[in-house]
Amino acid sequence: MDKFRVIEIKESVFDDNNRRADLVRQELKKDKTFLLNLMSSPGSGKTTTLLRTIEALKDEMQIGIMEADIDSDVDARTISNAGVKVIQLHTGGMCHLDADMTKQGLEGLGTEGLDFVVLENVGNLVCPAEFDTGSSKNAMILSVPEGDDKPLKYPLMFSIVDVLLINKIDAMEFFDFDLELCKERVKKLNPNIKVIPISAKNGEGIEEWADWIRDEVKEWQKD
Amino acid sequence: MHELGVVIEVVKTVENFARENNIKEIQSLVLQIGELSSMIPEYVEACYPAAVDGTMLEDTKLEIEVLPGNALCKECNTTFNVLKNEGVCPNCKAKNLELLSGQEFLIKEIVAN
Chain A
63 MDKFRVIEIK ESVFDDNNRR ADLVRQELKK DKTFLLNLMS SPGSGKTTTL LRTIEALKDE
123 MQIGIMEADI DSDVDARTIS NAGVKVIQLH TGGMCHLDAD MTKQGLEGLG TEGLDFVVLE
183 NVGNLVCPAE FDTGSSKNAM ILSVPEGDDK PLKYPLMFSI VDVLLINKID AMEFFDFDLE
243 LCKERVKKLN PNIKVIPISA KNGEGIEEWA DWIRDEVKEW QKD
Chain B
14 MHELGVVIEV VKTVENFARE NNIKEIQSLV LQIGELSSMI PEYVEACYPA AVDGTMLEDT
74 KLEIEVLPGN ALCKECNTTF NVLKNEGVCP NCKAKNLELL SGQEFLIKEI VAN
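So the sequence lines, in the order shown, correspond to chains A and B. Each residue of the first sequence is one higher than the one before, counting from 63 in the numbering used here. Each residue of the second sequence is one higher than the one before, counting from 14 in the numbering used here.
Just to be clear, a hint being listed does not mean it is correct.
To be verified - With a Cα cut of at most 30 Å, we get these calculated DSS-like pairs of lysine-lysine:
1) B:Lys121 - B:Lys106
2) B:Lys97 - A:Lys249
3) A:Lys263 - A:Lys280
4) A:Lys250 - B:Lys37
5) A:Lys165 - B:Lys121
6) A:Lys199 - A:Lys249
7) B:Lys108 - B:Lys97
8) A:Lys249 - B:Lys25
9) B:Lys97 - A:Lys256
10) A:Lys165 - A:Lys120
11) B:Lys87 - A:Lys256
12) B:Lys74 - A:Lys72
13) B:Lys74 - A:Lys65
14) A:Lys120 - A:Lys263
15) A:Lys250 - B:Lys87
16) A:Lys249 - B:Lys87
What the hints assert, rightly or not - Derived DEER-like restraints, expressed as beta-carbon distance ranges:
17) B:Pro54 - A:Asp238: 34 to 42 Å
18) A:Leu85 - B:Glu76: 40 to 48 Å
19) A:Val188 - B:Lys108: 49 to 57 Å
20) B:Asn104 - A:Glu266: 46 to 54 Å
21) A:Val257 - B:Gln116: 21 to 29 Å
22) A:Asp238 - B:Asn34: 53 to 61 Å
If you're looking for bench data, these hints aren't it; they were derived computationally from the structure. For each residue, glycine too, the CB sits at the ideal point set by N, CA and C.
All chains should be modelled from the sequences, with the hints used to inform the complete structure.
Structure (structure tokens):
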């Protein structure tokens, strides 16, 4: 009869994904492609912000977009009308992207010659925070109607991102949103975070955001 | 409920481990989940059958060990359980704490041959 025995594994569940994410990053570094993982709640204005970003940068760098959605191509069609390379990733019901899905997406998109690729993650603030996608940097959009107390509710997300865009600041007066208080809450969780208030609607703050991207892409492409 | 995606990740990791270590049959899987982790043990159990469906772990038994969420008070150095004390130091009532444990999500072991 077969003997069963206890075999110790003692591995953090995220280790395996983390290793694959590091491999993705090495490839991107070699290809001189800067990958930004963009996360947010549904309805925070990710696609509109992306359109603004493309408009600001498309004459100076080659851009690619990977749109992750549970199951539709509405956003991908909107973006492809802006004239950049775009691919739609269907997560098939999954609430986040992992390093493997990112890798498949990058292969599908073809990173050759691309300077800047945005991975538009699934609209959700819990699971994407736990899975390293292999991106060069992580960004998040928080929109004014969501409230200045959002950092208190989703601390992990705010502590892993490199840059936070606070979108819809044109609507600040209609919502009880305290920008300084929000910044303070975010900095407490993540002292190194860069916070940029923007309005994707009227273009406010987009230039500062574009500058951040320019600097990061340049830094990434250095040997 | 984001446990399913993570449990699928667990299954992949265990399958890889089994392949590398030439394990043919798995009887049970033991996970360790910190009580301050974003994984809720009840939900992990609920989605387990769906996650293992059609994999090497189909028909395995899942066991979950919950690890306590402990913190160190930065004011008076008392160690205490975060949930039981609602994040407040029972000794000096300060809320200035450093987490020592409780956010783990580990694959502890498998029973296999």
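* Numbers of unmet hints, in rising order -> Structure breaks hints 1, 4, 8, 9, 18 and 19.
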